[in-house]
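Numbering of the sequence shown is given in the UniProt record's numbering, commencing with residue 1 and proceeding in unit increments.
It is possible that some hints are incorrect.
Calculated lysine to any residue pairs in the SDA-like style (CA-CA distance at most 20 Å, straight line) [unchecked claim]:
#, residue 1, residue 2
1, K68, P36
2, K876, S835
3, K405, G445
FRET-style restraints, in silico, Cβ to Cβ [unchecked claim]:
#, residue 1, residue 2, range
4, T1033, Q686, 20 to 26 Å
5, H797, T1033, 35 to 41 Å
6, N1048, R988, 22 to 28 Å
7, K723, K247, 34 to 40 Å
Honestly, the hints are just simulated from the structure, not real lab data.
Because the structure is a prediction, the values reported are computed rather than measured.
Where is the CB? At the ideal position from N, CA and C, for every residue including glycine.
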Amino acid sequence: MVTLKELLLETLEDLDKEDFKSFKWHLIVVEDGFSPIKRSLLEDKDRHDTVNVIVQKYNQQAVEVAEKILRKIDRNDLAQHLSRRSLEVKGDVVETTADQGASPIPPQASLLCPPTDSSQPIVEEIPVLEPHQQIIQYQRKIQSYLLNEFTCAQEGMTDKMDQQCLDDIFTEMFITAGGELHINEQHEVMQIEIKGRVAGTETPIEPSNIFISATGNHKPIRMVLTTGVAGIGKTFLVRKFVLDWAKRRTNQDVHLIFHFTFRKLNLLKGEKFRLAELIHTCIRETKDIPKQELDVIFTKLQASGNCDFNESEFKLLFVFDGLDESRLQLDFTCSEQLQTDFDVTQSTSVDGLLTALIEGRLLPSARVWITTRPAAANQIPRDFVDCMTVVRGFTDPQKVEYFRKRFPDEEQASRIICHIKASRSIFIMCHIPVFCWITATVLKGVLKTRTQAELPKTLTEMYTEFLVYQIKQTGDRCGTKKSIQYIHSLAKLAFRQLEKGNLIFYEKDLKDSGINIRKAAQYSGVFTEVFKEEHKWRDNDKGRMFSFVHLSIQEYLAALYVVMSLINNNKNVLSEPELTLDSLWMICKRKCITEVHEIAIDKALKSSNGHLDLFLRFLLGLSLQTNQDLLKRLLKMTKGFSQTNHKTIQSIKERIRENTSPERSINLFYCLNELRDDSLEEEIQQYLSSGRLSTKNLSPALWSALVFILLSSEEALEVFDLKKYSASEEGLLRLLPVVKASNKSLLSGCKLSENSCEALASVLSSQSSKLTELDLSDNDLHDSGVKLLSAGLESPHCVLQTLKLSGCMITKEGCASLASALKSNPSHLRELDLSYNHPGKSGGKLLNAGLKNPDWRLETLNLDHGGEQRLKTGLKKYFCELTLDQNTAHRNLQLSDNSTKATTIEEEQRRCHDPNRFDCWLQVMCGTGLTGRCYWEVEWEGKVYIAVTYEGIRRKGEGADGCLGANDQSWMLLCDDDGSYSVRHEDRSTPIRPPPSLASNRVAVFLDYCAGTLTFSKVTSDTLIPLHTFHSTFTEPLYPAFGFGFGNGFGSFGSSVSLCELEDSASCC
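Please model the complete structure; the sequences and the hints are all you need to start from.
Okay, here's the thing in structure tokens:
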């Protein structure tokens, strides 16, 4: 045993001169909730004196302060040594100054001891610890005990004897803020596939910062609700959080952590406890803290008026893992009628304790952290939740990291990672950590036993290989025959419970499926026993519950049960008719697998929440001969049994053609994948590669195929550009699921109307939408469309950060709708672009007020280039008046009509010398340089160059650097007198073959300077037919320019070009 001072002095003596100097500097600026020591107290102090100052300042927390500083100066070796030795510190007397009023520190002093009467002599043999000193001692004890519990963990379905060090196997997961309580009931695994990749635009939350606001506000967070689909890693996250706390890495401001699982709490349903008793019952590591001491802590906190964790005398954190498994009755409906002063010394039902703790009636300053699957999150009213977070699983780099940890051999790891990336379903499902474990287990076994074998590519193949592995594992323990019987019983259980929608099973359910509960533990590789035998306070086996480790395992086994019943027993368990004379012949007749498929497809499509989608995929995949060959021990194939999937494939395609919902269509495409049919995908890929994609030549089935392909594309989901596929309203409505799943959607200039706004509002208000940036510029949406769109913006589910509505014919009415929506939901939108609209003073005032409102997140508001002209339809809202510059015109060009027309003439015009005049090339420039968005129209005769150029284009001489389109200074469209067109830039010419249309000698030009686009179109009967769009990064103002060719030897005199007027137009440049 050593004293506190001896331990600290021993530590400081191991520091060299520079480290000791750095150590003292950190004492002056110490953070992490500890007050610093004044510089004057440490000046010229040696190690012995420094120890005295530290102990006088921090008492028992001196070790914690020293340990933190040692880590900051990169002396982790000393920090770890100090941490280990601190448990040996005996209760020595701390010499303190009189004004500090510190008393000697004994070991194991009690929080229950009353304060000493100052009139009585102090008995130093029985000193009293200050409360904060005692709580630190308890913290240290619990941390040391929890290290034993949380250092190792079971991954997937491994046995306890196969536990590994959590630090070694833990891979960081992607955690974000958000997670709405209005849960989408769509199948959770399908949600992951529909969402595709984890959004790169979201800011991840470090697990240790779960109680720090992601929005940057400083409002105290009392309760955090963390959601995530089954197997996503919520429990591993909690265990890592507690382990890091126990190892004193993070969150050392928390004095005590009480970690519960709802699995354990379910066993106590109906019983009454004091909070201290409940803690002792569920968390054996706390038993060194007497119940009376816990009662004192809770009583003090309950009696205090403080509700802020940071100001609390005792900082407590309660963690409840697995709300979705809860069988407790958490009733929040009558909370208003209950007393606000909760008596912590009275016994209360477990349900009541948890309800009061969540509501804040019990220990309002304590923090609460609850984890759950999304479907159960709405059990906790939003009023009691300060922060919601979502465990989204692994990002793509984190998947790679996981498999590299599992496969140390670099070549083997690279092969597996490459294979997984090539298999769409498997790669997407690897967002779920438990599926990564299944995949790694299967592939490791395949590579070990079949070095040249083809690796599994579909979900069914992967799970079939996994089942074969499990049969072998259990067969080694109990024999192959019993192993197969056991798998059959599990499959029966899985099917019956899936039909009922049950995820948790009881002893009776297992017995009904032929499972002996007492022998089940021997074969726990395929399913997990939820409640272990170690809970000795319960009657043997009473109240025990069971579940498959992941819903997908249950769905696979359920599908296997259907196939086994059909092949082995000629029984269709999906449709069992009542036994009648008429049905006897049908029962004896050999069942056709196509009939079973049809019934399963119908059931899956009729399911309101999609809970049979994955089951259907497994069922169809198990009809392939390759998978059945792997399961030959389970399937008794007979000579009379033959099957073909051709009819099933045609049936699925027909249902896709019937234009079912996007989610259902997506799952049907996965079904085709399982059946190894990708004909629809190949057809749409041919359209994409040929550039012939249009709304006219795509059937509903091909539209669905395109959605399926895009949802599986990382590039499309990061930035979705509608113009790449179909710049139309029909294209948007068909591809709406892709918009919903993308991070950024570019819909500008796609001829959208208010109908599109209604559809987009539904996307923004969807809880599964990932859309953070939406560009709707250059669409005539009007105020009515903006009003519809605003309904989505004001939804609490909307996470949009950037909205571009430039050039959408919006007035003050539309601005009012936007302001109202942002007032209702001010927490996300940061950038709003309303340039090239007509908001007027009142509209601008409404939105500018939002910039000054501290509740709004809006940082950038663009109202530039406004005016009444912006209410013109189409691109005419950007029309600008142009005139030709006399000083640039070649002498063989005659300007007329107020310098808006140029005609080639044989006789040179008398013009004064000007350095800006073209002297060799028959060309002329306009006098105004353009930026922003500008539109103009031109009529031409003969052979004409219509171009834009930088001002620095060469004016003198014959070189190409003076010819429009022949250099990097200019971009040009050539209109020939035979009606043909070509474009030219940097002296590279490309012929254009526009679609058939009426003859026209009128061309429209649209420049979007900031977007870097220059578009030439043919004008026919007020319709624009696109000819070509240049994409570039413009660095200077662009000048419209026109040309006719080289002056020397020119003979096509009479060619002309005219700038057209539009009615009621006004200059916009």
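Against the structure, the hints come out as follows:
1. For a cut-off of 20 Å, the pair hint linking K68 to P36 stands: about 13 Å separates their Cα positions.
2. The suggested pairing of K876 with S835 holds, with an alpha-carbon distance near 15 Å, which does not exceed 20 Å.
3. For a cut-off of 20 Å, the pair hint linking K405 to G445 stands: about 16 Å separates their Cα positions.
4. Restraint check, T1033 to Q686: a C-beta distance of roughly 33 Å breaks the suggested window 20 to 26 Å.
5. Take H797 and T1033: their Cβ atoms lie about 36 Å apart, and the range 35 to 41 Å holds.
6. At roughly 24 Å, the beta-carbon separation of N1048 and R988 lies within the given 22 to 28 Å, and the hint holds.
7. A C-beta distance of roughly 53 Å is found between K723 and K247, which places it outside the suggested range of 34 to 40 Å.
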